[in-house]
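Novice: Residue numbers (the working numbering), protein chains in the order written: chain A, 22 to 143; chain B, 22 to 143; chain C, 22 to 143; chain D, 22 to 143.
A portion of the hints provided could be inaccurate.
Copies of the same chain look alike in the list, so a pair counts if it fits in one copy or across any two.
Claimed, not checked - Dumping the calculated SDA-like pairs for lysine to any residue here, alpha-carbon to alpha-carbon at most 20 Å:
#1 Lys90 x Val134
#2 Lys124 x Leu77
#3 Lys90 x Ala43
#4 Lys90 x Leu77
#5 Lys124 x His54
#6 Lys124 x Glu36
#7 Lys90 x Asn128
#8 Lys90 x Thr78
#9 Lys124 x Gln94
#10 Lys124 x Leu37
For the record, the hints were derived by calculation from the structure and aren't laboratory data.
There are 4 protein chains.
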Amino acid sequence: MSDHAEAGGGLDVPELQQRLRAFATARDWGPFHTPKNLAAALSVEASELLEIFQWLTPEQSAAVMSDPKTAHQVEDEVADVLAYLLQFCSALDVDPLTALAAKIERNELRFPVGGTPPLDGS
Amino acid sequence: MSDHAEAGGGLDVPELQQRLRAFATARDWGPFHTPKNLAAALSVEASELLEIFQWLTPEQSAAVMSDPKTAHQVEDEVADVLAYLLQFCSALDVDPLTALAAKIERNELRFPVGGTPPLDGS
Amino acid sequence: MSDHAEAGGGLDVPELQQRLRAFATARDWGPFHTPKNLAAALSVEASELLEIFQWLTPEQSAAVMSDPKTAHQVEDEVADVLAYLLQFCSALDVDPLTALAAKIERNELRFPVGGTPPLDGS
Amino acid sequence: MSDHAEAGGGLDVPELQQRLRAFATARDWGPFHTPKNLAAALSVEASELLEIFQWLTPEQSAAVMSDPKTAHQVEDEVADVLAYLLQFCSALDVDPLTALAAKIERNELRFPVGGTPPLDGS
Numbered sequence: 022m023s024d025h026a027e028a029g030g031g032l033d034v035p036e037l038q039q040r041l042r043a044f045a046t047a048r049d050w051g052p053f054h055t056p057k058n059l060a061a062a063l064s065v066e067a068s069e070l071l072e073i074f075q076w077l078t079p080e081q082s083a084a085v086m087s088d089p090k091t092a093h094q095v096e097d098e099v100a101d102v103l104a105y106l107l108q109f110c111s112a113l114d115v116d117p118l119t120a121l122a123a124k125i126e127r128n129e130l131r132f133p134v135g136g137t138p139p140l141d142g143s
Numbered sequence: 022m023s024d025h026a027e028a029g030g031g032l033d034v035p036e037l038q039q040r041l042r043a044f045a046t047a048r049d050w051g052p053f054h055t056p057k058n059l060a061a062a063l064s065v066e067a068s069e070l071l072e073i074f075q076w077l078t079p080e081q082s083a084a085v086m087s088d089p090k091t092a093h094q095v096e097d098e099v100a101d102v103l104a105y106l107l108q109f110c111s112a113l114d115v116d117p118l119t120a121l122a123a124k125i126e127r128n129e130l131r132f133p134v135g136g137t138p139p140l141d142g143s
Numbered sequence: 022m023s024d025h026a027e028a029g030g031g032l033d034v035p036e037l038q039q040r041l042r043a044f045a046t047a048r049d050w051g052p053f054h055t056p057k058n059l060a061a062a063l064s065v066e067a068s069e070l071l072e073i074f075q076w077l078t079p080e081q082s083a084a085v086m087s088d089p090k091t092a093h094q095v096e097d098e099v100a101d102v103l104a105y106l107l108q109f110c111s112a113l114d115v116d117p118l119t120a121l122a123a124k125i126e127r128n129e130l131r132f133p134v135g136g137t138p139p140l141d142g143s
Numbered sequence: 022m023s024d025h026a027e028a029g030g031g032l033d034v035p036e037l038q039q040r041l042r043a044f045a046t047a048r049d050w051g052p053f054h055t056p057k058n059l060a061a062a063l064s065v066e067a068s069e070l071l072e073i074f075q076w077l078t079p080e081q082s083a084a085v086m087s088d089p090k091t092a093h094q095v096e097d098e099v100a101d102v103l104a105y106l107l108q109f110c111s112a113l114d115v116d117p118l119t120a121l122a123a124k125i126e127r128n129e130l131r132f133p134v135g136g137t138p139p140l141d142g143s
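Bound conformation, chain A alone (with noise of 0.2 Å):
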């Protein structure tokens, strides 16, 4: 395992996940979570992220962690999207590490170093 995991306590995809099912279960949200609504959550906390960024040059949007107030912002912004991330995989029992992983098997393929772009324009 990674320093950089270690850092993070030792924390996992999975073990967050189980906390909030934990949390939705004892607040009765589980009515609210299907798919459909953890999709637009999803995409609504996405928007939220890019809301910080809207404005800003290419320039200054690299340097906002130097604000305290903003870099607390990006950091609650990204865990609402991990957060809807996770428990929409966890509704529809989709692995999302696994899915990347493939994701990536099949992008070398698609856009091969040095090569030219693929035929179908995408």
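Let chain A serve as the given structure and place chains B, C and D on it in line with the hints.
Specialist: Using the frame of chain A, we list chains B, C and D on its own:
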């Protein structure tokens, strides 16, 4: 480490971030990956996930994984959302798992089980 | 001119675009209003509108205007979405009404009444 | 009526809303058009517009209309955003032009020219 993570081949977030970084570096995509652009791309991908569900009833939305083509689409969009979230976090040196754990703790105080909604209405 | 438009005090799109332009110019907001930033802001505001509905059932979503506070919120977010859409169109000299009329005509060919879905599956 | 509106063949918002309503009715799409679904679709289309700009520099974003293919894409996405915004407004009986005019007036008080930012920080 949980059974779930082992089912995913021992994948973890720092390792996936490392692979995404190598992928982008090999293709010279670094200059495009400003925090602002990555936040925009994250929000675009979250909307592509929502698009799958936009006309479905809550019941239909819970059954999307029974169609193999839609199931693949869902996994593909989940991968894209996670990929941009992790690249965004790498760009700003935010640890997403720690951010989420801290948010869950704040929310436990903010939304007490069986309690009344917080006075600030949020 | 329709009764509806007269009810709105004879408001029309070009006049509102003119007022938005004067508003931004008076406050020196022009430099922030690149097409990219306006497209981001439009998408952020559309998500704020969606946020009102994210946990509602389809039935509840149809009844939002019966609560005066929510009705005001809906109108406020509609105004924000339209404001950024019109400013985006001004920035790139796109006529939104002409673009929509052209799209309706294309869609009439693409989705014939009583016809089968188009072969390209889109 | 402005020259601009006449260039657009005298198109106005209520007439386009009428055509969108006839289009949806003829195809039995009414049941899908709950306010919640239309708000989701609006946000998805706004993201598709943003997608065109997500990797562009501010300068490149200002030049998109010089490429005919991208120009058509921009117009097409503007049309989709406006279509769902107008259908959303029809579903809830909101007049978008009146809502925007009222919002501009509120903003003139909230952001006085040459004034300091409002105390509430918004």
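Novice: Take the hints in turn and mark each one as holding or not.
Specialist: Here is how each hint holds up against the structure:
1. Lys90 x Val134: neither (40 Å within a copy, 27 Å between copies)
2. Lys124 x Leu77: Neither: 31 Å inside a copy, 24 Å across copies.
3. Lys90 x Ala43: Cα proximity of lysine 90 and alanine 43: none, with 30 Å in one copy and 31 Å across.
4. Lys90 x Leu77: within (16 Å within a copy, 28 Å between copies)
5. Lys124 x His54: Between copies, since 19 Å is at most 20 Å while 26 Å is not.
6. Lys124 x Glu36: between (23 Å within a copy, 14 Å between copies)
7. Lys90 x Asn128: For lysine 90 and asparagine 128, the Cα distance is within 20 Å only across copies (19 Å; inside one copy 37 Å).
8. Lys90 x Thr78: within (19 Å within a copy, 27 Å between copies)
9. Lys124 x Gln94: For lysine 124 and glutamine 94, only the inter-copy Cα distance (11 Å) is at most 20 Å; the intra-copy one is 29 Å.
10. Lys124 x Leu37: Close across copies (11 Å), not inside one copy (22 Å); limit 20 Å.
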